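Novice: Top line first, the protein sequences correspond to chains A and B. Per our numbering: the first sequence = residues 1 to 292. Per our numbering: the second sequence = residues 1 to 292.
There's no promise every hint is true.
[Stated by the list, open to error] Taking CB as the label site, the calculated pair distances span:
(1) Pro-220(B) x Ala-93(A): 55 to 61 Å
(2) Gly-183(B) x Glu-88(A): 30 to 36 Å
(3) Gln-147(B) x Gly-196(A): 50 to 56 Å
(4) Ala-93(B) x Arg-219(A): 26 to 32 Å
(5) Arg-52(A) x Gly-183(B): 24 to 30 Å
(6) Ser-176(A) x Glu-76(B): 34 to 40 Å
(7) Gly-196(A) x Pro-104(B): 44 to 50 Å
(8) Pro-104(A) x Ala-290(B): 34 to 40 Å
(9) Asn-103(B) x Cys-285(A): 39 to 45 Å
(10) Val-292(A) x Pro-104(B): 50 to 56 Å
(11) Lys-188(B) x Cys-285(A): 36 to 42 Å
(12) Ser-176(A) x Gln-143(B): 37 to 43 Å
(13) Arg-173(B) x Thr-288(A): 34 to 40 Å
(14) Asp-43(B) x Ser-31(A): 56 to 62 Å
Hints in this document: simulated from the structure, not taken from any laboratory. Predicted model, so just to flag it, every value in this text is computed and none were measured. Where is the CB? At the ideal position from N, CA and C, for every residue including glycine.
Number of protein chains: 2
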Amino acid sequence: MSIHPSVAAIGAGDVELHQPPSTKRDGRGSSRAVAIAIGGAEDKEGDKTILRDFWQRAGGEHSDIVVIPAASGIPETIGPVYRNLFIEMGTAADAVRVLDIRNPFDACNPAALELVKHSTGIYFTGGDQERLAEVLGGTELMQQLRQRWLQGKTTVAGTSAGASALGHQMIARGYSGESPTPGIVTVKAGLGFLAGVIVDQHFHNRNRLIRLLTAVAHRPDCIGIDEDTAAAIGPDDTLEVIGAGTVTIVDGRTLRSNVTEVDLDRPFNLHDVKLHLLAAGSRFCLTTRAVV
Amino acid sequence: MSIHPSVAAIGAGDVELHQPPSTKRDGRGSSRAVAIAIGGAEDKEGDKTILRDFWQRAGGEHSDIVVIPAASGIPETIGPVYRNLFIEMGTAADAVRVLDIRNPFDACNPAALELVKHSTGIYFTGGDQERLAEVLGGTELMQQLRQRWLQGKTTVAGTSAGASALGHQMIARGYSGESPTPGIVTVKAGLGFLAGVIVDQHFHNRNRLIRLLTAVAHRPDCIGIDEDTAAAIGPDDTLEVIGAGTVTIVDGRTLRSNVTEVDLDRPFNLHDVKLHLLAAGSRFCLTTRAVV
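Construct the entire structure; sequences and hints are all you get.
Specialist: Put into structure tokens, the structure is as follows:
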């Protein structure tokens with residue numbers, strides 16, 4: 001494990017006082033922070049709309065951000081890319097750290113736990129969601145991180161693989177360009193921020209609607225997010241669309257299907273799946289399934 | 001224009017007596033024959049399930065089949081491929097003709113008109129649906145062909161581009177792998193067999209759901225057909241699925257959208273689109289939108 005720029009910076013300062021502005025309570029008493037699922041390839045050179053949105057919600061100039069590149073095969077490269085972006089936006093250099101953990105042992109390191117305790121923003125990079133879940137899933141670090149998010153103290157964002165891993169369940173692998181069969185997706189446990197929702201990314205860009213429809217045959221609610229597009233999900237389950245493309249809601253609550261796990265290669269019937277395509281500025285309530 | 005094997009064969013015999021077995025009447029008095037939209041790449045070497053289904057509906061051994069390769073860039077090659085297949089199934093060699101018309105003038109040739117008058121089965125090959133519609137659209141040949149189909153005297157099938165062209169309207173061109181915008185599909189007039197339905201083909205294989213969703217923003221009912229899969233649509237508007245993959249029904253009747261033609265490149269909102277994925281053996285009524 002390595003923490004950049006230095007472990008010594010952990011816990012310093014008063015960032016704990018700056019709760020992310022996105023924190024709010026809904027009627028059901030949830031005070032969790034916003035979770036931002038990003039479809040990958042978010043703009044890093046122009047207006048940086050999505051990254052700036054995360055940064056603002058995490059506290060802006062007063063933010064304390066931890067970048068976790070555990071999904072990436074090149075964490076030593078990708079971690080600093082995001083770190084520099086958030087510093088350029090205005091966060092103090094010693095308040096943006098890269099937490100480069102590569103196995104579950106790293107995730108038990110007291111220094112890592114200490115780092116997360118003071119964060120107001122967590123950013124999961126892209127890469128491979130299976131790797132990310134293998135490194136972090138079920139660790140004490142994840143428990144603390146989720147606890148802090150549930151308390152509304154840290155905004156959580158993930159891009160690409162990092163977005164997929166935000167769900168309690170995620171598409172670990174999948175195919176496109178085939179007739180839909182149960183075998184074209186593999187669903188595994190994610191990091192457990194978003195309950196009951198499966199998130200897919202690079203969505204229309206990589207033609208993933210069919211794999212998400214296959215996933216919805218097993219789980220009722222799925223969200224597909226295009227590149228340079230994000231779904232910011234608040235504590236009241238309202239989803240707000242940010243960025244250049246669309247967020248696709250696949251609503252399987254009225255679904256009828258003859259899918260069985262027995263024959264993974266056999267095309268199946270799916271009836272009454274409802275779709276919603278949402279462009280930037282749209283707000284949609286995941287509980288009521290209605291436009292806000 | 002050329003007609004194979006010979007124009008002399010036109011009008012010979014008693015094929016007129018053999019109405020396709022698929023012809024039937026529904027409660028609204030329609031006696032039209034079945035139209036079979038095939039998603040392309042139909043099996044030509046194994047069981048030939050789809051081609052055999054068309055052949056049976058066209059009268060089997062007593063069929064009089066006209067193959068129209070007008071969509072194809074290599075009509076002199078693709079026409080005889082289908083001709084030989086139907087002869088191998090049992091139709092007399094002089095009762096399977098290739099109608100190789102390449103422009104609207106060819107479609108006015110009396111010999112072509114005479115040929116169609118006695119057909120019990122018409123098969124449109126793949127290629128380019130725009131070329132097919134440009135050659136045949138609005139011609140006297142098409143009027144006679146459609147009249148004969150409406151009277152229940154000739155079963156009509158089209159594969160790939162031939163399937164797209166069966167609609168009153170068709171997707172002439174489209175893209176995949178982009179966020180959905182109004183600009184990703186171009187809709188033009190088809191050959192006018194299937195009213196109110198836009199047909200797309202090579203469907204999941206070429207990731208075309210988004211372009212069909214975009215088309216549905218303009219027209220309420222769309223059908224996407226996978227490769228080696230067919231939708232046989234009867235006179236009572238019941239669609240039956242045949243073959244290896246799935247037929248996807250995109251039902252936009254309850255759709256709400258902010259699509260405008262003004263900004264073709266801007267992602268749009270689509271709410272409450274309903275999807276049905278149907279595997280082989282499924283029967284679905286396009287009028288009631290219910291599984292039969």
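Novice: Is it true that Gly-196(A) and Pro-104(B) lie within 44 to 50 Å of each other by Cβ?
Specialist: violated (57 Å)
Novice: Take the C-beta atom of Ser-176(A) and the C-beta atom of Gln-143(B), compute their distance, and say whether it sits inside 37 to 43 Å.
Specialist: holds (41 Å)
Novice: When you take the CB atoms of Ala-93(B) and Arg-219(A), is the distance between them in 26 to 32 Å?
Specialist: Violated - the Cβ-Cβ distance for Ala-93(B) and Arg-219(A), about 56 Å, lies outside 26 to 32 Å.
Novice: Taking the CB of Gln-147(B) and the CB of Gly-196(A), does the distance hold inside 50 to 56 Å?
Specialist: holds (55 Å)
Novice: Verify the CB-CB distance for Ser-176(A) and Glu-76(B) against the hinted window 34 to 40 Å.
Specialist: Holds, at about 36 Å.
Novice: Given a hinted range of 55 to 61 Å, is it respected by the beta-carbon distance of Pro-220(B) and Ala-93(A)?
Specialist: holds (56 Å)
Novice: Confirm or reject the claim that Val-292(A) and Pro-104(B) have a C-beta distance inside 50 to 56 Å.
Specialist: For Val-292(A) and Pro-104(B) the Cβ distance comes to about 53 Å; the hint holds.
Novice: Does the beta carbon distance between Arg-173(B) and Thr-288(A) stay inside 34 to 40 Å, or does it fall outside?
Specialist: Between Arg-173(B) and Thr-288(A), where Cβ atoms are some 38 Å apart, the hint holds.
Novice: Are Asp-43(B) and Ser-31(A) spaced within 56 to 62 Å by their CB atoms?
Specialist: holds (59 Å)
Novice: Range first: 36 to 42 Å. Now tell me if the beta carbons of Lys-188(B) and Cys-285(A) are that far apart.
Specialist: holds (39 Å)
Novice: Looking only at beta-carbon atoms, does the pair Gly-183(B), Glu-88(A) fall within the given range of 30 to 36 Å?
Specialist: holds (34 Å)
Novice: With 34 to 40 Å as the target window, see if Pro-104(A) and Ala-290(B) comply at their CB atoms.
Specialist: violated (51 Å)
When each numbered hint is compared with the structure, violations occur for hints 4, 7, 8 and 9.
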